[in-house]
Each structure stands twice: as structure tokens, then as C-alpha cells.
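Going down the list, the sequences are from chains A and B. Residue numbering for the first sequence follows my numbering, beginning at 74 and increasing consecutively. Residue numbering for the second sequence follows my numbering, beginning at 16 and increasing consecutively.
Be aware that a few hints might be false.
To be verified - Label pairs and their computed distance ranges (CB to CB):
1. A:Thr152 / B:Gln275: 43 to 49 Å
2. B:Thr315 / A:Thr152: 21 to 27 Å
3. A:Val256 / B:Phe283: 54 to 60 Å
4. B:Tyr366 / A:Met272: 56 to 62 Å
5. B:Arg298 / A:Lys297: 52 to 58 Å
6. A:Lys198 / B:Phe378: 36 to 42 Å
7. B:Tyr366 / A:Glu155: 57 to 63 Å
8. A:Tyr299 / B:Arg397: 20 to 26 Å
9. A:Tyr299 / B:Phe283: 51 to 57 Å
10. A:Asp108 / B:Phe283: 55 to 61 Å
These are calculated hints, taken from the structure and not from any lab test. Backbone N, C-alpha and C define an ideal beta-carbon position, used for all residues, glycine too.
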Amino acid sequence: MMTEQKKSIVEIKNIYKCYHRESLVVPVLHDITFDIAEGEFLALMGPSGSGKTTLLNLIAGIDKADEGKIHVGDVDITTLTETELAAWRANSVGFIFQFYNLIPVLKAIENVELPLHLTTLPRSKRHEHAAMALSMVGLDHRMDHYPGEMSGGEQQRVAIARAIVTDPTILVADEPTGDLDRVSAEEILSMMERLNHDMGKTIIMVTHDPRAAQRASVLRHLDKGYLNHDAAQNPL
Amino acid sequence: MMLLKILFRNAFHNKLRSFLTILGIAVAILAFGLLRTVISSFYAGVEAASTSRLVTRNAISIIFPLPISYTEKIRQVEGVRMVSYGNWFGGIYINEKNFFPNFCVEPRTYLALYPEFVLEEKQKKAFLADRKGAVAGQKLAAKYGWKIGDPITLKGTIYPGNWDFVLRAIYTGRDNTVDETQYFFHWTYFNEEIKKMWPRYAEQVGFYMIGVTRPDIAPDVALNIDKAFKSSLAETLTETEKAFNLGFIAMAEAIVTAIQMVSFVVIFIIMAVVANTMAMTTRERTGDYAIMKTLGFGATDITILIFGEALVVTLTGAAIGIVLTFPVAKAFGQQLSTYFPVFLVSAQTIYMDIAAAFLIAFFAAIIPTRHAIRIRIADGLRRIG
Numbered sequence: 074m075m076t077e078q079k080k081s082i083v084e085i086k087n088i089y090k091c092y093h094r095e096s097l098v099v100p101v102l103h104d105i106t107f108d109i110a111e112g113e114f115l116a117l118m119g120p121s122g123s124g125k126t127t128l129l130n131l132i133a134g135i136d137k138a139d140e141g142k143i144h145v146g147d148v149d150i151t152t153l154t155e156t157e158l159a160a161w162r163a164n165s166v167g168f169i170f171q172f173y174n175l176i177p178v179l180k181a182i183e184n185v186e187l188p189l190h191l192t193t194l195p196r197s198k199r200h201e202h203a204a205m206a207l208s209m210v211g212l213d214h215r216m217d218h219y220p221g222e223m224s225g226g227e228q229q230r231v232a233i234a235r236a237i238v239t240d241p242t243i244l245v246a247d248e249p250t251g252d253l254d255r256v257s258a259e260e261i262l263s264m265m266e267r268l269n270h271d272m273g274k275t276i277i278m279v280t281h282d283p284r285a286a287q288r289a290s291v292l293r294h295l296d297k298g299y300l301n302h303d304a305a306q307n308p309l
Numbered sequence: 016m017m018l019l020k021i022l023f024r025n026a027f028h029n030k031l032r033s034f035l036t037i038l039g040i041a042v043a044i045l046a047f048g049l050l051r052t053v054i055s056s057f058y059a060g061v062e063a064a065s066t067s068r069l070v071t072r073n074a075i076s077i078i079f080p081l082p083i084s085y086t087e088k089i090r091q092v093e094g095v096r097m098v099s100y101g102n103w104f105g106g107i108y109i110n111e112k113n114f115f116p117n118f119c120v121e122p123r124t125y126l127a128l129y130p131e132f133v134l135e136e137k138q139k140k141a142f143l144a145d146r147k148g149a150v151a152g153q154k155l156a157a158k159y160g161w162k163i164g165d166p167i168t169l170k171g172t173i174y175p176g177n178w179d180f181v182l183r184a185i186y187t188g189r190d191n192t193v194d195e196t197q198y199f200f201h202w203t204y205f206n207e208e209i210k211k212m213w214p215r216y217a218e219q220v221g222f223y224m225i226g227v228t229r230p231d232i233a234p235d236v237a238l239n240i241d242k243a244f245k246s247s248l249a250e251t252l253t254e255t256e257k258a259f260n261l262g263f264i265a266m267a268e269a270i271v272t273a274i275q276m277v278s279f280v281v282i283f284i285i286m287a288v289v290a291n292t293m294a295m296t297t298r299e300r301t302g303d304y305a306i307m308k309t310l311g312f313g314a315t316d317i318t319i320l321i322f323g324e325a326l327v328v329t330l331t332g333a334a335i336g337i338v339l340t341f342p343v344a345k346a347f348g349q350q351l352s353t354y355f356p357v358f359l360v361s362a363q364t365i366y367m368d369i370a371a372a373f374l375i376a377f378f379a380a381i382i383p384t385r386h387a388i389r390i391r392i393a394d395g396l397r398r399i400g
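Looking at chain A on its own, in the form it has when it is part of the complex (with noise of 0.2 Å):
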């Protein structure tokens, strides 16, 4: 997929990032700057403690960065405040975690609801979109089940589901696959490349299996917080 022509939907410049830890200062990202396209599957590779995380964190903002700025869409993200944060990832957002985090205590259709709650959408709109949404990751006969009835799969299905149903901007996802078997893996990460190749997403995936970042378009390597410039295109 070329991503070259397209324009750029994140937009990341100077960004620094460390951590303190009482009196100790763990600096984690130094200068990363690059941009992600508009429909591009990008996967962060890297190895433990690299800044990967913490670099979606930054992109999706739920995290501030030290310095530097980062504009998603036309939104420049290291100016909000907390409450604009969370309203803008509300719409702008869909997040996809390595333990599918869904809520315990709610349904498969509830939990994809959920995020619907905080948009003016009608009960009967917030049920069809949920629904829909479900049926796109292939669980619609699975909507009344609670996540601790459901596999490991289907719970990351039901996550997918959740994060698209408010048609965010970008898609982040943090290790995918890293709570699943291979075949389950597979199936999520053919779902990702759909939503990818089918529905135009911009997808930001974090991993460290060599085999998800395969479904990647372009690659970036982080290592002890540096961006590695050499490897944007995915050479797998």
C-alpha cells in the first residue's frame, strides 16, 4: 500500500518524554519526530522499554508529552487541557489494549455501546451502531454473552468492535495479539489489515512479534528512546 501520496493525519515534532520517579529522572523518548499518513498501517516495533507505549500513549493522549507538539488531524493534542483530552479521544480515538480491557459487568453489545454514551446518539441508534459493529468483527450471535464467557479472541473482537464503533480518526493498539494463541493472533490481525485496507484506518499498532508487524505497512523502530530513521517502510 502507498502511503507516500496521502496526507499526513499525525504529525508528531521534538517530541521528549521522561518519567520520575522520586528524585530520579528516567528520560524515555528524545526528539522523536515523524509523521503517519492518512490510511496507514504503522507498526512500532522495539524492544522492552524502548518508549513504544509510551509513545502511543503520547499519540493518543492519554499521556502528555515534556516537549515537543503533536497534531492529530488539525487537532494540536499538547494544548488541551484533561477535559478536552478526554472528549477529544472520545471522537477521535478507538484503542485497542494487549488484555482487550473490556469491562467486566457488561455485556459484548454493552461494552461496544459504551463509548456511544458519551455521543448524543438515541438508545435505539447507540443498540444499531453497537450491533452493526459487532457483526463487523463477526460476533453478532455473541452479543448477550459476558467477556468472561468469551475467549481470548472473541474478547479482542469485542475490543475492535468497541474501538470502531464512533469511527475514530485513528486506531491505536498496544501488543494486539500478545494474550493470544497463534491462530487467534492471525484472526485479529487479518481484521486489523481489513479495517486497514477495506475502511481506509489509520492504524497504530505497538508490538514486538516480528509476524504482526508483517501486516504493517510501514515500520518504526524505536530503541531506548530513539526513533530509528532508517526503517519506515516495511521491509517484511
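Using the hints provided, position chain B relative to the given structure of chain A.
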């Protein structure tokens, strides 16, 4: 709506823990309710006291008598509508275990002053006509299986000997705040017997009960009565019936204070238990809250979830505790009717139960909520897995 669904399901998600917490709260609220009812029952006599009745006793102490000759002089004080009198008899039925309040009174005026003691007219006439007649409260009669016409013998503790009576009437309370465990008989009969055995104790009364024409003049009437006997051999102390009854409670003030403290300690303990449970629950759900914050839910939503869950658990326990308080208080009151003749769960006790439940929920939820709101999303998400 979704938040309500989540908080209700969260509240009962861990069934065993929820059950035990609710059980703990129910028992605590039950204990709190019973202890508050014990305190209320101490004050039942005060609450039931009439504002238009005064009690006159010896100014030195209630154990010293007053001459019967004061009756006329008291009657002449302006504002006095009716005067009655009596003595604490302190008799026991068969043995010391069967103790109940018993008095000899001037029956006509006494019953007129206490319209809350309701007697059948026929029984009342029979009682007034019989010098050895007696009246017992319904609860007392039921306790010993007494029926109208039964002979009853009391053993005097202050005035030794066997005192024979015939039960001529059984009174019921005008409402449920009236003590139905009292026993009255004729002062005349008492005085005649005393004259025979201990003549120097005759013609004396332990107290005067005085009815005033209007409640608002009661303090002035009390002052005028005491003024009338100033510098006499037996000076008087007159006070409202309420103040007189409060004087008795003051003697047991330490007990009442101790019960009050225990009732608050019970609530404090359960507050700590529920707070611990909520802290555990919130810690377990840190990931859930982090996810909700990630999806765009705010601090208010998280607050609603945690406070709501604490309220659901606490109010469920409190509701069970309150419902149980009534039958348990009834059984408790029946067993201890000698000490607590009026043992009723008051509306105020229920309000205090509900307030305690809200207080428990509030203090249990406040720290976990603060923690859940303040934790960074990234740190919250790291707790999962």
C-alpha cells in the same frame, strides 16, 4: 443509565464479598437501631409526660414524705385544677424477680389526671368501689396471666408484710407510648394498714400530682406551691412532670452515655470495614476506571460509579438492618419489659439509621474515589494483566 447499570452490577459482582459486607452493615444498623431504641426507651417517660402536670415532692429528697394535709393548701394555689397524691410502694409479686412499678394513689383524681390510662367504665367503677381493689396495665396482667377478679398478693419491701388486693381493672394505653406495666391501688387502704402497723408513718404521701389549668402557667404555679410551704417542716420542690422524670434519667446518665458511645463505635467499626471493602474493590477495578477514562469518561462519572456502588451496598445492608430492627426490638422489648416498658423503634431512630448508612457510604467511598480520579490513565492501564 449505563453508569447505573455498571454500578449496580459492580456492587454484586463478587457475590460472597457483597453478601458479607451487606450482612455486616445489616448487623451494625440493627445493633445501632436497638441501642438507639434503648436510649429512647430511657426517655419514654419524659416524652409521655404531660405539660399540664406538676409533681411536688419533699425538697430534701424524694425518699422523704410530705404530710397529706398539704392537699388543701395546694388546691388553693391559683392555677391548680386538680390535686392527687400517692406513694411508691415497691412491692414484689411472689419473689424479687417479679418486680414492676407499683403505687398507692388517690384513685379518682389520679385517673382523672392520667387520661392516657384507659379503663372500661364498669371496671373503673368496680375499682373505685373496692378499697382493696387494684388496677394493672395490660402488659403486666398478660405477663402474669391475671384476670379481673383475681386475688393478688404483693410482698412489701419498704412496708413489710403480705398485702392482698383484688384485680378490679386492667388499663390500656391511649397510644403505644404509654407504659402498660404499672400497678395502682388505693392510698386509703395503704394508709389504714400503715396506721395499724407504723402509726408515725401514716397520713404521709411520697408525691403530689397536680393538674394545672393551662400548661403555660405551670412554672408560676410550681413557684407558688413551693412558696406556700417555705419555712415549713417539710419544704416542697415542685417541677413539671417532664423535669421530674428527667431527674430519674440523670441518675442513669452514665449508662445512657455509655450506650450512646457504643452505638457510635458500632457505626465507626462498620465504616472502617466498608471503607476497606471499597478500597479493595476500587483497587481491583483500577483498570476498568482507567479504560473508562481512556474512552472519554470523566472524573464525575468515576465518582458516580464508586459512590453509587458504596451507596448500593450500604443502603441494601441498612434496609435489611432496619427491617430486622422491628421484630428484634419487639422480642427484646417483651423480654425486658420490666426495665423498658415502652420499647418502640421511633421514626427518629430510623432517620438516624438512614443517616448512618449515608455516612458510611460517603466515608467508605471518598478515599477510593480520590485515588481512582487522580491515578494517571497510563498507570491505571499498567495494573491490568
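Failing hints, ascending? Numbers 1, 5, 7 - these are the hints that the structure violates, sorted from lowest upward.
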